[in-house]
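Those protein sequences? They're chains S and D, same order as listed. Quick note: the first sequence uses this note's numbering, first residue 1, plus one each step. Quick note: the second sequence uses this note's numbering, first residue 1, plus one each step.
What the hints contain is simulated information worked out from the structure, not anything from laboratory work. Being a predicted model, the structure only gives us computed values, none of them experimental. Glycine is no exception: its CB is placed at the ideal position from the N, C-alpha and C atoms. Mixed in with the good hints there might be a few duds.
[What the hints assert, rightly or not] Pairs of lysine-lysine, DSSO-like flavour, derived with a Cα cap of 27 Å:
1. S:K190 with D:K131
2. D:K92 with D:K131
3. S:K11 with S:K288
4. D:K165 with S:K17
5. S:K422 with S:K11
6. D:K2 with D:K158
7. D:K3 with S:K17
8. D:K152 with D:K27
9. D:K165 with S:K11
10. S:K189 with D:K3
[What the hints assert, rightly or not] The calculated label-pair distances, taken between Cβ atoms and stated as ranges, are:
11. D:A78 with S:P58: 39 to 47 Å
12. D:A78 with S:H389: 33 to 41 Å
13. D:I75 with S:F170: 25 to 33 Å
14. S:F347 with D:P98: 38 to 46 Å
15. D:I75 with S:A350: 46 to 54 Å
16. S:T247 with D:R129: 52 to 60 Å
17. S:F170 with D:A78: 42 to 50 Å
18. S:L135 with D:L67: 21 to 29 Å
19. S:I93 with D:A78: 50 to 58 Å
20. D:G90 with S:P330: 34 to 42 Å
21. D:P98 with S:E278: 45 to 53 Å
22. D:R129 with S:D9: 36 to 44 Å
23. S:A337 with D:R129: 52 to 60 Å
24. S:M298 with D:R170: 56 to 64 Å
Each chain, written out:
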Amino acid sequence: MPTRDIDEDIKWAQINKDVLRSMENPRMGYWIAIAVSLTLLSFAVGAEIYQYNVGMGPSNLNWPHMWDLYIATFIFWIGMSHSGTLLSAILHIIQADWRKPIYRFAEAMTTFTLMTAGLFPVIHLGRLWNMYWVLPYFSDRGIWPNFRSPLVWDAFAISTYLTSSALFLFIGMIPDLSICRDNTRGWRKKLYTVLSLGWRGDDRQWRNFRKTYMLMACFLIPLAVSVHSIVSADFAMSIMPGWHVTTFPPYFVAGALYSGCAAIITLFILLRYFFRFEQYMTMPILDKTCKLTFAIAMVWTYLNLIEFSSIWYGHDEVGKELLLAKFNGPYSPYFWAMLFLGSVMPFTLAFEKIRNNIPALFVISLLLNVGMWLERWMIVTPTLSLSYHPFAFDVMWPSWVQWFIVLGSFGWFGLLFLVFVKIVPSVSMYEVKEMIFHRRHLANKDIASVMHRRATDDGSMATETPGN
Amino acid sequence: MKKYHMLGLFSNFDEAFTAISDIRHYKVPGVSVDDVTLISPIEHPEIEEVLGERTSHVPKFTLMGALFGSTAGFIFLAAAQANFTVQPQGGKPVIAIPSNIVLSYEMLIMAAVLCTVTGFLLGARLLRRRKSLYSENVGVDQVGIEMEVEEKYLEPLKELFREHKVLEIREEVAK
Numbered sequence: 001m002p003t004r005d006i007d008e009d010i011k012w013a014q015i016n017k018d019v020l021r022s023m024e025n026p027r028m029g030y031w032i033a034i035a036v037s038l039t040l041l042s043f044a045v046g047a048e049i050y051q052y053n054v055g056m057g058p059s060n061l062n063w064p065h066m067w068d069l070y071i072a073t074f075i076f077w078i079g080m081s082h083s084g085t086l087l088s089a090i091l092h093i094i095q096a097d098w099r100k101p102i103y104r105f106a107e108a109m110t111t112f113t114l115m116t117a118g119l120f121p122v123i124h125l126g127r128l129w130n131m132y133w134v135l136p137y138f139s140d141r142g143i144w145p146n147f148r149s150p151l152v153w154d155a156f157a158i159s160t161y162l163t164s165s166a167l168f169l170f171i172g173m174i175p176d177l178s179i180c181r182d183n184t185r186g187w188r189k190k191l192y193t194v195l196s197l198g199w200r201g202d203d204r205q206w207r208n209f210r211k212t213y214m215l216m217a218c219f220l221i222p223l224a225v226s227v228h229s230i231v232s233a234d235f236a237m238s239i240m241p242g243w244h245v246t247t248f249p250p251y252f253v254a255g256a257l258y259s260g261c262a263a264i265i266t267l268f269i270l271l272r273y274f275f276r277f278e279q280y281m282t283m284p285i286l287d288k289t290c291k292l293t294f295a296i297a298m299v300w301t302y303l304n305l306i307e308f309s310s311i312w313y314g315h316d317e318v319g320k321e322l323l324l325a326k327f328n329g330p331y332s333p334y335f336w337a338m339l340f341l342g343s344v345m346p347f348t349l350a351f352e353k354i355r356n357n358i359p360a361l362f363v364i365s366l367l368l369n370v371g372m373w374l375e376r377w378m379i380v381t382p383t384l385s386l387s388y389h390p391f392a393f394d395v396m397w398p399s400w401v402q403w404f405i406v407l408g409s410f411g412w413f414g415l416l417f418l419v420f421v422k423i424v425p426s427v428s429m430y431e432v433k434e435m436i437f438h439r440r441h442l443a444n445k446d447i448a449s450v451m452h453r454r455a456t457d458d459g460s461m462a463t464e465t466p467g468n
Numbered sequence: 001m002k003k004y005h006m007l008g009l010f011s012n013f014d015e016a017f018t019a020i021s022d023i024r025h026y027k028v029p030g031v032s033v034d035d036v037t038l039i040s041p042i043e044h045p046e047i048e049e050v051l052g053e054r055t056s057h058v059p060k061f062t063l064m065g066a067l068f069g070s071t072a073g074f075i076f077l078a079a080a081q082a083n084f085t086v087q088p089q090g091g092k093p094v095i096a097i098p099s100n101i102v103l104s105y106e107m108l109i110m111a112a113v114l115c116t117v118t119g120f121l122l123g124a125r126l127l128r129r130r131k132s133l134y135s136e137n138v139g140v141d142q143v144g145i146e147m148e149v150e151e152k153y154l155e156p157l158k159e160l161f162r163e164h165k166v167l168e169i170r171e172e173v174a175k
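Build out the structure end to end from the sequences listed, making use of the hints.
See the structure below:
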């Protein structure tokens with residue numbers, strides 16, 4: 001397995017060539033993935049049409065189980081969106097240059113996971129056509145949504161996050177879209193000409209671009225934290241046992257980053273294979289992503305233990321009863337699976353041999369996300385099955401309609417993502433060039449002496465570099 | 001006096017920067033570094049040291065957006081909640097400060113991001129027709145110096161570019 005980092009001697013023209021070629025000529029696996037996504041999506045469309053016509057009955061959603069897989073999967077997709085923010089915004093601000101070849105698809109993931117998550121409250125509502133009631137529009141009847149409800153906060157937070165992350169993704173793509181514009185013909189050229197907004201790479205554009213990108217990154221980080229904290233408020237603001245927990249916001253944010261990182265590993269491996277990106281999506285980058293995932297997994301595990309211990313040592317008997325029921329009740333196999341996949345499985349990432357084994361990593365990353373999906377299900381359903389009142393005790397299993405719609409959401413996300421990476425460069429060409437330039441720049445002092453020439457220097461070649 | 005747009009293409013930043021340095025030191029009279037536009041495939045980390053301080057107004061847009069988003073957001077929510085007075089509030093305040101802070105925070109970010117993008121589009125002069133002197137090689141690996149000069153300085157400037165191993169010079173009459 002090649003473990004070399006990105007080749008610093010690669011020609012810039014070669015970077016353009018490799019990335020542009022990837023958009024035309026993917027491996028067969030890409031088309032298989034498209035077919036699988038379409039199949040999954042068709043399941044969901046069929047199930048949703050059925051549910052729409054018949055009503056919510058076939059989904060098994062009934063009191064006390066008003067929330068089930070739809071809401072659990074909604075949280076799962078919202079959580080996954082945090083990967084883009086982490087890899088793109090946080091690592092951009094701390095100037096971790098290894099993010100550069102992979103941040104584009106992570107940002108795209110953020111946007112598309114949010115678009116997928118946004119479907120679930122609508123599907124869950126049943127009466128799809130009334131979804132807009134949650135938005136604060138000017139109504140002739142003077143009716144406004146209840147601004148005290150975390151569900152309305154969700155609508156505000158998610159629409160802000162979707163708008164901001166889509167703009168962040170788009171702004172970051174503009175220089176690359178101009179390269180596409182210069183190297184394509186036909187409908188693609190027309191598309192890229194419109195999308196590149198007339199970019200030509202002059203110093204005014206770059207200066208404003210840098211400022212804009214940095215400012216947006218600064219806003220995206222608190223936004224991402226607030227979004228998942230608000231999603232956790234959907235639960236924590238209630239008085240239900242197992243939900244009314246003060247550690248829920250950080251627990252949700254850690255879980256979000258965790259599932260996002262695991263998904264990045266999955267998509268990293270797929271894109272690397274589909275588009276022959278071995279030279280850009282290198283093993284050292286994958287190695288760093290795995291270490292990051294491991295670290296976040298440990299934070300998540302710690303927060304789990306904190307939650308368990310605070311319930312165990314607290315005086316809330318109903319909460320304690322629920323915690324015990326999670327360990328040995330009807331949902332216990334799933335709860336144990338969640339603990340194993342979420343807390344034990346990441347230890348495999350501590351071994352270098354596994355971190356260098358792509359098939360093993362692919363399977364592990366998928367299992368980690370299965371664990372994180374189970375986590376969301378285990379937040380929602382056990383609480384509703386064992387609430388305060390014995391007459392409300394009920395064990396419910398999701399119907400095929402719910403399962404099909406959940407599976408179909410993966411198809412929907414996969415389709416959006418795969419179409420995107422075929423139309424837009426999934427490796428940022430200009431950022432990879434910058435990365436190589438900076439590394440060479442630091443390595444080569446002769447170049448550095450020229451590059452660091454001050455405006456006040458005379459016309460002769462300068463020999464000093466700042467800091468020397 | 002006729003004016004010309006001129007674009008010199010160099011193989012790397014090194015050559016382009018030494019040419020700009022000569023312009024800064026008035027090797028060509030009547031041509032100033034303030035007239036130079038550098039076109040490049042990436043942004044050089046020390047570009048300001050070569051071209052001098054050039055400002056960006058994007059942060060001002062961001063600040064205005066953030067202030068507008070938070071204040072207008074709060075006022076909008078409070079105004080909407082004031083409409084609730086006809087409805088029973090159950091002893092709760094009409095304008096709920098904690099929830100309004102959460103929502104105003106989201107509106108702050110939304111408006112700040114939208115204004116930042118607006119500032120970028122205006123500041124970077126995007127959404128305009130590109131100049132015809134553009135070279136596709138700039139998107140690959142070449143660095144361009146673009147200037148608008150009077151006819152009499154055209155030849156000396158070309159000479160200066162040639163001294164610095166310019167790859168290609170393009171020119172057109174300025175409209």
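These are the hints, each one checked on the structure:
1. S:K190 with D:K131: Within the cut-off at roughly 17 Å; holds.
2. D:K92 with D:K131: violated, 61 Å
3. S:K11 with S:K288: Roughly 25 Å between the alpha carbons, so the hint for K11 (chain S) and K288 (chain S) holds.
4. D:K165 with S:K17: holds, 26 Å
5. S:K422 with S:K11: With Cα atoms ~23 Å apart, K422 (chain S) and K11 (chain S) stay inside 27 Å; holds.
6. D:K2 with D:K158: Holds - the C-alpha atoms of K158 (chain D) and K2 (chain D) are around 16 Å apart, at most 27 Å.
7. D:K3 with S:K17: violated, 37 Å
8. D:K152 with D:K27: Holds: K152 (chain D) and K27 (chain D) sit about 14 Å apart, inside 27 Å.
9. D:K165 with S:K11: holds, 20 Å
10. S:K189 with D:K3: violated, 32 Å
11. D:A78 with S:P58: 39 to 47 Å: holds, 43 Å
12. D:A78 with S:H389: 33 to 41 Å: holds, 38 Å
13. D:I75 with S:F170: 25 to 33 Å: Holds, at about 30 Å.
14. S:F347 with D:P98: 38 to 46 Å: holds, 41 Å
15. D:I75 with S:A350: 46 to 54 Å: holds, 53 Å
16. S:T247 with D:R129: 52 to 60 Å: Given a distance of about 55 Å, which is inside 52 to 60 Å, the answer is holds.
17. S:F170 with D:A78: 42 to 50 Å: violated, 33 Å
18. S:L135 with D:L67: 21 to 29 Å: holds, 24 Å
19. S:I93 with D:A78: 50 to 58 Å: violated, 34 Å
20. D:G90 with S:P330: 34 to 42 Å: holds, 38 Å
21. D:P98 with S:E278: 45 to 53 Å: At roughly 52 Å between Cβ atoms, E278 (chain S) and P98 (chain D) fall inside 45 to 53 Å, so the hint holds.
22. D:R129 with S:D9: 36 to 44 Å: holds, 38 Å
23. S:A337 with D:R129: 52 to 60 Å: holds, 59 Å
24. S:M298 with D:R170: 56 to 64 Å: Given about 57 Å between the Cβ atoms, the range holds.
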